[in-house]
Each structure stands twice: as structure tokens, then as C-alpha cells.
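Student: Use the sequences and the hints to build the structure in full.
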Amino acid sequence: MEKIKKIKNKIPDVFYAMKRDVDDNDDMSLRQRKATTTEAVPDLRSPSNVKSDEYYSTDSDTDAVTDRPAPIQSHVKAAVQLTPKQKFWKRFWSTWTMIFGFFFIIYMGHTTLCLFIITFQALAFREIVSLGSNAKFDAKLAGSHLLHWYFFVSSLFFLYGKLLTEHLLIGMFNHKNPFSLFLLRHHDFISFMLVCIGVIYFVLSLKKGCYKYQFKQLGWCLAVIIIVIVQSTFVMNNIMDGIIWFFVPASAIVTNDIMAYMCGRYFGKKFIATPLINLSPNKTWEGAIGACFWTVLITWQFAKYLQQYQLFICPKKGFNFAHSTCEPDAVFITQPYHIGVLNLTMELAPFQIHAVVFALWASLIGPFGGFFASGFKRAFKLKDFSQSVGYGHGGVIDRMDCQIMMCVFVYVYRLSFVLNSSAIIGIHEITRNILKLTKEDQIKLLHMLKK
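Taking this note's numbering, the leading residue of the sequence shown gets 1, the next gets one more, and so forth.
Simulated from the structure, these hints should not be mistaken for lab results.
Each hint should be verified, as a subset may be incorrect.
Claimed, not checked - Straight-line alpha carbon distances no greater than 25 Å define the calculated DSS-like cross-link-like pairs of lysine-lysine that follow: (1) K136 x K212; (2) K283 x K377; (3) K212 x K381; (4) K439 x K212; (5) K216 x K140; (6) K216 x K377; (7) K381 x K87; (8) K269 x K283; (9) K208 x K140; (10) K283 x K87; (11) K136 x K87; (12) K162 x K439; (13) K136 x K207; (14) K136 x K377.
What the hints assert, rightly or not - Pair ranges (Cβ atoms, derived): (15) L446 x H186: 21 to 31 Å; (16) H186 x I258: 42 to 52 Å; (17) S416 x I105: 44 to 54 Å; (18) M448 x I99: 51 to 61 Å; (19) I434 x Y266: 49 to 59 Å.
Note that beta-carbon positions come from the ideal geometry of N, C-alpha and C, so glycine has one too.
Tutor: Written out as C-alpha cells, the structure is:
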């Protein structure tokens with residue numbers, strides 16, 4: 001009986017040893033298969049066999065993870081990460097370089113500032129048009145980008161001819177260049193023919209398999225021209241009538257942006273928890289209200305200061321680099337205003353009242369240009385349109401999104417309440433049409449006016 005008990009006690013050990021031998025054999029065979037597979041592969045680190053880290057899934061079981069080979073490092077060099085201190089100083093220097101560069105452009109005068117606007121238009125057009133491009137289709141469509149720039153130049157020819165005819169004839173051509181005078185005199189017809197040539201080129205460039213993409217690109221290009229290029233061209237007319245009509249509204253936008261950030265940072269969501277707009281949850285009501293107050297106050301004083309200098313208030317006739325001089329217009333001359341409700345008399349220039357209107361527009365309506373750009377970037381999952389302006393500042397559109405709405409407002413506001421406040425047709429429109437006449441017709445008109 002004792003022998004039988006000893007045999008029974010030894011049976012589990014025997015079974016355990018048998019199981020361990022089987023498992024060891026399986027592990028040995030698995031290691032042999034892995035070794036055979038490794039020998040069959042010549043070099044796992046060769047470029048053709050390198051897999052990215054994403055190739056090895058992290059969702060596999062624990063057992064599979066132990067058998068999975070370690071990820072092979074890619075040969076692509078990682079981007080250099082800047083420290084917070086380096087980011088601060090890089091953005092600091094780029095900011096002040098941009099500020100002093102802008103002041104230098106303004107000091108150089110009307111023509112230099114207009115050249116800056118043309119550069120802005122080209123960069124903004126390139127930034128937005130590139131968002132709708134597809135490298136796969138663009139490789140098949142040679143010259144597609146050339147067509148975009150053709151429509152860009154054609155739109156500039158049409159817009160400049162409409163808005164800047166007076167300055168082009170007086171300053172640049174002065175009735176001495178017959179070819180240039182022909183272009184301006186038949187401007188509308190030439191602009192129409194340029195559009196027709198662009199449409200014909202587009203139709204001839206249509207390629208099977210790319211029809212939908214090509215028509216999308218055409219619509220995208222025309223939309224960018226209407227939204228960005230057409231609106232930004234109006235600012236050139238404002239500049240030629242006096243830099244102050246550009247500088248004060250632009251400064252109001254910048255002031256509102258800075259004050260909205262500062263007021264929102266220190267007082268945001270302390271009184272009103274609801275965000276200003278759902279599209280930008282960080283925008284607060286406290287920031288918007290505080291920014292409106294400070295923008296009106298600062299713009300009022302800034303306009304009072306700038307209207308003392310001829311560099312800002314004098315209009316420019318023609319495109320040359322000389323600083324213009326003039327007698328101050330009545331809109332810049334201080335005069336008494338009596339406020340009956342408060343029984344108060346104030347000495348101020350009419351331009352200061354216009355500046356308050358610009359400040360209110362910059363505070364109440366201007367931010368929606370930024371919201372529009374924010375929604376646009378969210379649709380394309382972008383942080384910035386580009387980095388063409390400088391580190392931390394994004395692209396041209398990121399800096400000028402609110403300015404585009406402001407420049408159009410200033411143009412139509414001046415036409416309605418400053419230039420033609422008491423007339424259906426203003427002196428600017430009459431002068432522009434007279435300059436298009438021939439010398440003989442201008443002399444006849446002069447004799448008719450004398451009579």
C-alpha cells in the first residue's frame with residue numbers, strides 16, 4: 001500500500017515534467033522559426049524594409065507585444081524643438097522688426113505704401129490659393145498655377161484702372177505715352193478681353209479625369225480675388241487721399257486686438273461666463289467691451305496727434321516718391337462743437353469724429369473678419385495660413401484678416417460722408433472723367449465752363 005501511495009504522489013510531477021517538455025519544444029521551434037525568418041531577410045534596416053512606428057500597432061495582445069520586434073528608428077531627422085525662452089525671443093525680435101519696418105514704409109510716403117499693398121495682395125493670393133491645390137492633380141495639369149496668376153494680374157489691371165486712373169494719368173504717364181494712354185482710355189474693353197482670354201485658355205486646358213478639380217480651382221481662384229484682392233485694392237485709394245485715412249483705421253484694428261487680449265486676460269469670464277462667440281471659445285465679453293472703450297479713447301487721441309503733420313494729411317497726385325505738401329483740409333482743422341445735452345463746448349477737428357466711427361467699427365464689426373478667418377482655418381484644420389510674416393505671427397492673412405473689412409468700410413464711408421456728403425457726383429469722379437478726355441475736348445470743356 002505504501003508503494004502505491006508513493007507512485008500516486010509522483011504522478012503529478014511526471015505530468016508536470018511532460019507538460020514542461022512540450023512547452024519547451026514549442027518555444028524552441030518558435031525560436032527556430034524566428035531565426036530562420038531573420039536569416040531569410042537580408043537587412044531589416046535597409047530603406048526598403050524600414051517601417052515607421054505606426055506600423056507596429058499598440059492595440060495587440062500582451063503576448064504579441066513580447067514577440068514584436070523593437071521599432072526601427074527612422075533616418076528622417078526630427079525638427080529642432082525650441083525652448084520657451086527661445087520662442088519668446090524669436091517672436092520678440094520678429095515683432096519689433098515688423099513694427100519698425102512698417103513705420104519706415106509709412107515714412108517713405110504714399111507710393112512706397114502702395115507698393116507694400118501690392119506685395120500684400122500677391123502674398124495673400126498665394127497663401128489662400130495654395131490651400132485648394134492637390135499635388136496629384138497639379139502634376140497632371142501643367143500651367144494650372146499660371147492661369148491663377150493670370151487672373152490675379154487681370155484683376156489688378158481692372159481694379160487699378162477703375163480706382164487709380166487719376167493718379168496714373170497725372171503722375172506716371174502725364175499724357176506723354178500714347179500706348180499707356182490707350183490702355184487707360186480703353187480700359188473697360190481691354191479688361192473684358194483679358195477675362196475672355198482667360199476663359200478660353202481654361203477651356204482648352206480641361207483634361208479628362210480632372211474636370212471637377214479644374215472647375216473647383218477656377219471657382220476657388222475667383223473667390224479669393226473677390227474676397228481678398230478686390231477689397232484690399234480700396235485701401236490704395238484711401239492712401240492716395242492721405243495716409244491718415246489708412247493709418248488711423250489700421251491702428252484702431254491693432255489697438256482693439258491688443259486691448260481685447262489684455263482685458264480678456266485679466267477680467268475674462270469673471271462677470272459673464274458665456275463666451276463671446278462659439279467659434280472662438282477664448283473670446284470673452286469682458287475683453288470685447290474693454291477693448292471697445294480703450295480703442296475709442298486711444299484712436300481719438302491718436303487722430304488728434306497725426307492730423308498735425310502734412311505727411312499724413314496731404315493727398316498725393318501721381319505715383320512718385322516725393323513727399324507732398326498742402327494746405328490742411330477743413331476736415332483736419334479744429335473748430336468748436338457745442339454739445340447741448342451736456343452744455344459743453346469742445347474744440348476738435350471733424351476728423352476726430354470720423355476716427356471715433358472707425359474705432360467703433362474696429363471694435364464691433366472688425367473682429368468678425370478675424371472670426372471668418374478662424375472658421376476658414378478650422379475648416380482646413382490649419383493653425384496659420386503660412387509663416388511668411390515671421391515666427392509666431394503666421395501668414396499675411398493671419399495679420400490682415402480684420403484689416404480687409406476695415407479698408408472697404410473707410411472707402412465707402414468717405415464717399416458717403418466726407419467727399420460727397422452733399423452731392424450725388426463728387427469732384428473726384430468728375431476729375432477722373434475729365435482726365436480721360438483728349439486735350440482738344442478738355443480745352444472745349446474749359447471754354448464752356450468760362451461761358
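Student: Each hint should be assessed against the structure and marked as holding or not.
Tutor: Status of the hints after comparison with the structure:
This hinted pair checks out: K136 and K212 have alpha carbons roughly 14 Å apart, not beyond 25 Å. With a CA separation close to 17 Å, the supplied pair K283 and K377 stays within the 25 Å bound. Only pairs whose Cα atoms come within 25 Å are accepted, and K212 paired with K381 is accepted, the gap being roughly 23 Å. For a cut-off of 25 Å, the pair hint linking K439 to K212 is broken: about 52 Å separates their Cα positions.
A hinted pair counts as satisfied when its Cα atoms are at most 25 Å apart, and K216 with K140 qualifies at roughly 16 Å. About 18 Å separates the Cα atoms of K216 and K377, which keeps this hinted pair within 25 Å; it holds. Between the alpha carbons of K381 and K87 the distance comes to roughly 23 Å, so the proposed pair stays at or under 25 Å and holds. At roughly 9 Å between alpha-carbon atoms, K269 and K283 fall within 25 Å of each other, so this suggested pair holds.
Restraint check: the Cα-Cα separation between K208 and K140 comes to about 10 Å, which is no more than 25 Å; the hinted pair holds. Restraint check for K283 and K87: the C-alpha separation of about 24 Å stays at or below 25 Å, so the hint holds. Between K136 and K87 the CA atoms are separated by roughly 35 Å; this puts the pair beyond 25 Å, and the hint is violated. Distance check on the hinted pair: K162 and K439 sit about 21 Å apart at the alpha-carbon level, within 25 Å; holds.
Straight-line distance between C-alpha atoms of K136 and K207 comes to about 14 Å, which keeps the hinted pair within the 25 Å bound. Restraint check for K136 and K377: satisfied, since their Cα atoms lie roughly 22 Å apart, inside the 25 Å limit. One distance hint, 21 to 31 Å for the beta-carbon pair L446 and H186, holds here, with the actual separation near 24 Å. Between H186 and I258 the Cβ separation comes to about 47 Å, which falls inside the hinted range of 42 to 52 Å.
Taken as a hint, the range 44 to 54 Å is violated for the pair S416 and I105, whose Cβ atoms sit roughly 29 Å apart. Checking the proposed 51 to 61 Å range against M448 and I99 shows it holds: the Cβ atoms sit about 52 Å from each other. One distance hint, 49 to 59 Å for the beta-carbon pair I434 and Y266, holds here, with the actual separation near 56 Å.
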